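Chemist: Here's the letter readout for the chains.
Protein chains: 2
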Amino acid sequence: MSQQTPLDYTAAGVDYSKIDPLKLLAQRAAAGTAANLAAHDVGEIAASRGESAYVMDVGGLLIACITECLGTKALVADAVRALSGRTHYDTIAQDTIAMAVNDLITVGATPLSIHAYWSAGGSEWFADAQRMNDLVRGWQTACDACKVSWGGGETPALAGVVEAGRIDLAASCVGIVKERSRLPLGDTLKAGDAIVFLASSGIHANGVSLARKLSERLPDGYATRISDGRMYGEALLDPTVLYVPVTEALYAAGITPHYCANITGHGWRKVMRHPAELTYRIHTLPDAPPVLSFIQEHAGIDDREAYGSLNMGAGFAIFVAAEQADEVVRISHSLGIKAWNAGVVEAGPKRVLIEPLKLEYGADDLHLRA
Amino acid sequence: MSQQTPLDYTAAGVDYSKIDPLKLLAQRAAAGTAANLAAHDVGEIAASRGESAYVMDVGGLLIACITECLGTKALVADAVRALSGRTHYDTIAQDTIAMAVNDLITVGATPLSIHAYWSAGGSEWFADAQRMNDLVRGWQTACDACKVSWGGGETPALAGVVEAGRIDLAASCVGIVKERSRLPLGDTLKAGDAIVFLASSGIHANGVSLARKLSERLPDGYATRISDGRMYGEALLDPTVLYVPVTEALYAAGITPHYCANITGHGWRKVMRHPAELTYRIHTLPDAPPVLSFIQEHAGIDDREAYGSLNMGAGFAIFVAAEQADEVVRISHSLGIKAWNAGVVEAGPKRVLIEPLKLEYGADDLHLRA
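Taken in sequence, the protein lines are chains A and B.
The numbering used here puts the first residue of the first sequence at 14, with every later residue one more than the last.
The numbering used here puts the first residue of the second sequence at 14, with every later residue one more than the last.
Relax, there's no trap hidden among the hints.
Identical copies go unnamed one by one, so any copy, or any two together, can satisfy a pair.
Distance condition first, Cα-Cα at most 20 Å in a straight line; then the derived EDC-like pairs of lysine to aspartate or glutamate: (1) LYS36 with ASP377; (2) LYS191 with ASP70; (3) LYS371 with ASP300; (4) LYS160 with ASP54.
Bear in mind the hints are in silico, worked out from the structure with no lab data behind them.
Since this is a predicted model, take the numbers as computed values, not measurements.
Generate coordinates for the entire structure from the input sequences, incorporating the hints supplied.
Modeler: Written out as structure tokens, the structure reads:
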């Protein structure tokens, strides 16, 4: 297989250096609007700005909300349909919902409702009955799995904005933090805590631009077989794990995480998402899903790039008191999600150390806040 | 000016006959997920399904949420920028927020937070500093005008999904219904109530596909002058009125609307949005903004089509006890928004009668619920 140069995100068409200035500008402007809530006797949880979901205190009730998009994974489904005969929009629906709920639960919230945003390149997108049924059925199934109500949505046909034959999928989620002690912001995270990784199912929906770019380099494209004998394209479409049942089961068992990080863009650099100055030492590696190992190998990227941009088997990180880590692993296993007591939080400079790979990411490798 | 055939929505590329089956399928599937809320001791306000925003009862607190998109109005801004030298993304931002908040307030809610969804056709969209600044500034200004907190957002670069150089803009809004009596669902609307229209500023963000199609027929396109001497393209870009200050001022004055309808797609047919069997008799026409009269004339559409698909000067309808109608008009005027005590609700078959135009829309002309 020919490999001119290693693939990376910029080569794959996503140039964060162009997006980040907007993000910072928007984050600063957004922070300036917080004062508007005083007119309603509502306060914001200021520490939630810069976190994965926004939290407001409405008369003592903590309301969390988030809007997240699928990204470009639907393009993979569109391409693989010709090979597999399946639309894969049932799993694409789960991916989209996972993007929202897996973020929402990081602030200690229980998701309650989902709104769908399905923005198509033209009315005819909705005329494909099989794909339409798969999308609706998959969306409903994912809502049921997370015990959320599908409250509504928007299904515009935006020819000229969205590409013909394509769809821009996103989800908004509203939830509540049922007990204030679950809010994992501030100083509950501390040295000595354990880091439990919950298994990913594959690429989830981050790194997909890279994966798509790679398919163009492969002689058989998405039909290429990976190490477990499956088709590359189908393996890419394994749906994102919904982690809501795990956090809900933890609460039911009386376990309150000190922090949670959804491992999405920026890969394991997200392990140091919390604003505190702490060191995160990973001593145990989860199994990397075959499709991610395949991507790393064939895109020609090193461990530093792979673990810094893909989940590499760890889809979600839960930080808990050390003595609760094994119980978190057991609860996750009981729900069919593999988990590992994978590391420890230590006093020290902000960094992620991946000991088995001798990798280190420093604070300068992750910029998420204005 | 040549006019081959009258323009209509289908000719303009939006074929609701293709979208509506999906909407019905999705609405039925969504309704099936309501039972999931029981696990959280949360109930839904079932009557809010099919309304413009979804409402949940969380321990007595009514939480409303909505996701809405701008549609294709940004394409007008992109085209007019070359003529006017302005990006117009400050007003496009207001339009997007208006789509969400003007829907949210129809269920009696006070908007609290907004999430931005800005999905671009590539990273380079965000590198245009003037447009980026206008978008951020306009978004912040509209949030301030509605006294909402801009809680966060998503700014993906989705080459291959969103057209190169374009952006898909949407907003999610979360609010609360501060007093249960404000929930205008059920049987508060009744014969004898008055219908107060609040003025629109122009096309708002509905009917834009038609307006864009029309520009292709005009010899000078968006640069064509309309009756008030302004450029057609610039007049189209007048930002959607934010009606939040009006409903908030009504509550402050002790006036509780019996129902509200945001006049968007389907034009004045939306006046009969409430599920009840009632007749809506309009006796007074608001002034149609020049840009809408221009569209009607040059697209060659009759009054039935114009009032059935465009707002024709009435951007929002408030249904109140007859004796409060003049006070609603006065309050709206005091906020700089023209208003008319324009009609009455009567016992009778579900229909909208526009007396000055001898027009009637029946129940069969509006299908919004599964």
